[in-house]
Each structure stands twice: as structure tokens, then as C-alpha cells.
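> Listed here are the chains, written in short residue letters.
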Amino acid sequence: MKRSPQLQRIVDRMAPGALCREGFLGADRRPLEEILDADRSTVAGLGLTHEQLGRGLGEVLAAAVAAQGGPARVGERLTAVHREAMGRIPSPWPGEGTFPKGEVELTDEAAGLTLRFTALSAHLVARHGFYQGRGSPYRLEPDVLARVLGMRGNAGLHK
Amino acid sequence: MVQILLATALVSGVSAVAAALLLLAERFLARYGPCTIDVNAGDRRLEVEGGESLLATLMSRQIFIPSACGGKGTCAYCKLKVLDGGGPVAPTEAPLLSAEELADHVRISCQVKVRNDMRIEVPGHLLSVRQYRAVVERMADLTGDIKELWLRLAEPETIEFVPGQYVQLRAPAYGPNPEPVWRAYSIANPPSDAGHVELIIRLVPGGICTPWVFKVLAEGDEVVFTGPYGEFGLTESGEAMVWVAGGSGMAPFWSIARHMRERQIRRPCTYFFGALRRRDLFLLEEFRQLEKALPDFRFVPALSAPAEGDRWDGETGLITEVLERHLAGGAPEEAYLCGSGGMVRAAVKVLTAAGIDRERMFFDEFT
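Line by line, the protein sequences give chains A and B. Under numbering that gives the first Met the number 0, the first residue of the first sequence carries the number 0, and numbering increases by one thereafter. Under numbering that gives the first Met the number 0, the first residue of the second sequence carries the number 0, and numbering increases by one thereafter.
In short, the hints are calculated from the structure, not lab data. Accuracy of the hints is not assured; some may be wrong.
Cβ-to-Cβ under 8 angstroms is the rule here; a few derived chain A residues that face chain B [unchecked claim]:
id : residue
1  : P15
2  : E21
3  : G25
4  : A26
5  : E83
6  : M85
7  : P99
8  : E102
Heads up, the beta-carbon is just placed ideally off N, CA and C, and yes, glycines get one too.
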């Protein structure tokens, strides 16, 4: 199916060097539509929504930012550290404004899992169900994300 | 089946012809001819060839409006008032402009095409911005992810600026990045050293410009930047003040502090600088020396998570907690902040609670 010019522009903005050094699609050879479909299916299978997962990331981000670079405890299992960076980055979807740079490292020590995400990547999850392409430095596997956030179907962030 | 194939071929052919006609029309008909841009009610009149964006057109005439996105309409730094001739607001502009800005004829200049005569307003301080070529004289690591660059100006050979202003450094196309990008960094040296520009640059994860600085740029390389920009800097009030910064937010204050020392500006100042661990602090000895030269200047570094081996006997806690403790005994009249959005927001709450008027708080605009 032919891609619309609007979606092609979004894909162009996801390329390395367009908005950030490594882009948003990593080494993923799948078209964006397929990436979105696959992740949508995974999230639905978990009994969750993109908004729930994005909201969970937002809560972690807020706690990490408030800790101003130090470790922030999130619930009983998680530690989040925000690494600030000057400047802002726009969303690949036009008209959504810009987001502060910097990243959060979220660690579940008991499970041995560490995720990295940004304010923009949290927005892209919540708003577009876009978890980025495989190989992207901020790719979030929805099932892993749900596990780390302690989310199950119809449930919020487990503290 | 044959009919379907014929119909498909016909539609494809018509589409191809239409596309070719559009391209030809764009190339030969969409020439807007000579246009006049009136800048600041007759202060300057630019005779230009239409067709390019307003941002690019002004740049070709040595008027350098700040832009961090290469004219892609995403950073919103290139706002200008277009009083006449700008055409309708583009869909790419509207989300970046407030209702007040739209009512005030503010536009995103990289999204405005020069098609006819125009009247625009350019803030006066932008008309003195120039493009500079410089050579990297020295690079030094201040911390594991912060570098200091000394750039020796080549053309022009000197720069005039006010402590607190910034420049836009051009990172060329390299590696996976197909186009040059411009990024803003505060000038860290005092204006007396007019032949140099010092920059303090922190590596941005996934960034485009800072990895070029950290991994590609070398001493002896030539760079291009524009500037100076910005209105962050000390007021003339002479009143007591507090500064709050972290990480590369040090840069404008390093410029301002050395300027104060050179001019013996005896203005009471307490500078709170926050970091995580001892290895994240820098210029400690330099500021200790500065305290001796300016008796009314006090430098308060603080660590929020000192490591065991840091042997740190200074202030500990989040910088905003340290600030709150110190302000308990009374607050100055003015505050200057440069750092991440989270730190600045937290600091504003503390400063407000301490009684500092919001209008007497000044922010570096990249927070």
C-alpha cells in the first residue's frame, strides 16, 4: 500500500541525522507501519494501552527529573537517574512541539533490567504507540517495559 | 484483465505527466522576482531575489537569525515579526506560535517564503550578529562528559559581546549526519579576551553536534560560528544576587565572574554550583582564587551524591536544597539561573518562597 506523503515526511524525520544522530528506526528494516502494527498487537495482547505505558514512563521521568541527577527510587524495585542535556528536540510528527533533551536510565536491579528513554520517547509511546525501531538506542520492547513498570492489564504502575 | 491493465497504465501516465508539469512549473514559473525587504521601518532595505525562506534570505545578507534546526521549522528559535508580505501562517508554524505571538505578527522565519515585498522587524541585537571563522586552539576535558574549547578567531579577528551571551556553532555534515547543524553554546570567556571564544560543552546522548565535538573535532581544525546572541546577563542594578547552575550551565557564569574580577565589580554574589560527585566538579581552584580577588563573591559547590572516595567536606544535597538552607537567613534581590529545566523549576520555587520577585529572576534561555 502506498505510503501517504505525510507519513513519508515523518519517516524522513526519523532518519539518522535528521533530528538526532542515530534517528528513531535503528537498524530495523521493517517499514514504520509494520513496526507500529507489531507493537500495537503486543500491547493489546498485554491488556494494556499505549497511553498507560506512556503515563508510566512519564511518572518515572518526573521522579527522575526531580532528583536532579541523583538516583530516584520509584516504587520498591526501581531506580531512575536523569542525565540532563541542554537543548530541545522536536517530535518526528510535525506540529507537536519540542521536548527537553536528556535521558533517563531506569533500573530494575532484582530483574537485572535497565531501560533508557527520553521525554520525547515517552511522548511517542503515549501519543503514537511508537516504541522506536529495533537497534535504536531508545527502543523499548513493550512487554519488557510493562514488566519493568509492573503493569498488567487494567492496572497502573505498581509501587 | 486487459482493460484493467490499460486503465492502470493510463492513470500512471497521467500522474507522471502531471508530476513533470508541476516540477517544470516550480522551476520556471515559481520565480518571484526581485523583492524588497524593509527591516525596522526603513533602517535597512534589502533588495533580494524571492523564492527562498526569509531565514535563508536574511542569512545571505549577513543578518543571522538564530536557528538550531537548519530551517526545518522545528526549533522555533527563528521567530521574527513580519508586519507585511508574509502570506498566511503555514501549518508548520501555527503549533510553534502562541495566540499572542500570532496577534503580534510573529512568524517562524524559516517557514516564511519571500514571495513579494515585505516589512519585518528584527531585534536590534540580532543586527550586530556576525559569522566568524575560528581555529580550535585548545581542547581540554573538564569532566568525563564536559569539554572546554578555546577558539582563536581568524576572521574577523575579534568579537564584541556581553558576558552571558552565546554563539551558534556549526557542526558540518559528517558520518551519518547528512547536513550541517547549528547549536548554541554560552561564551565562557570574558569580553576582554576579544580574540578568543571559549565554550564549555557537555556531551548530549544521541546528539548531533556534541559527538562531533567529542569524537571528530581536533586542535587546529577550523570552525564556523555566528553570534553573539542572547540577552542573559547581569542587570545594572548593583544589588546582591545569587547564581544557580549545574554542569555546562557554568559557562555564562564563568564569563560573567571573570568580567566582574577584571572590572572589580563589587556586587555581593553567592554562586551555587551543583554536581553529583566530586569528579563532576570543575574550575574549583579557579573560583577559589576568584573569591580572593572579589571579597563579596562566594562560591558554593555542592554534591548531591558524593562517593565514598570523594573525601568531600563541602555542602551536600540537591543544589536547590543547599540554596534553600542558605536563603533561610535572608535572600538577595536578584537571581540568575542556568541549568536543566528540572533544576531551574525547583530553584524558582525555592527563590520565590524566599521572597525573590519572579521578575528579578533571570534565566539562560536554553534551560
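> Work down the list of hints and note, for each, if the structure agrees.
Now the hints, each set against the structure:
1. Proximity of A:P15 to chain B holds as hinted, the smallest CB-CB distance being about 4 angstroms (cut-off 8 angstroms).
2. Given hint, A:E21 at the interface with chain B, holds; its Cβ is 6 angstroms from that chain's nearest Cβ, closer than 8 angstroms.
3. For A:G25, the interface hint is violated, since its Cβ never comes within 8 angstroms of a Cβ in chain B; the closest pair sits about 12 angstroms apart.
4. A least Cβ separation of about 12 angstroms between A:A26 and chain B goes past the 8 angstroms threshold, and the interface hint is therefore violated.
5. This hint holds: A:E83 has a C-beta 4 angstroms from the nearest C-beta of chain B, less than the 8 angstroms allowed.
6. A cut of 8 angstroms between beta carbons decides the hint on A:M85: the least distance to chain B is about 5 angstroms, and the hint holds.
7. Checking A:P99 against chain B by beta carbon gives a least distance of about 5 angstroms; that is within 8 angstroms, so the hint holds.
8. Nearest Cβ of chain B to the Cβ of A:E102: about 5 angstroms, under the 8 angstroms cut. The hint holds.
Comparing the model with each numbered hint stated earlier shows that hints 3, 4 do not hold.
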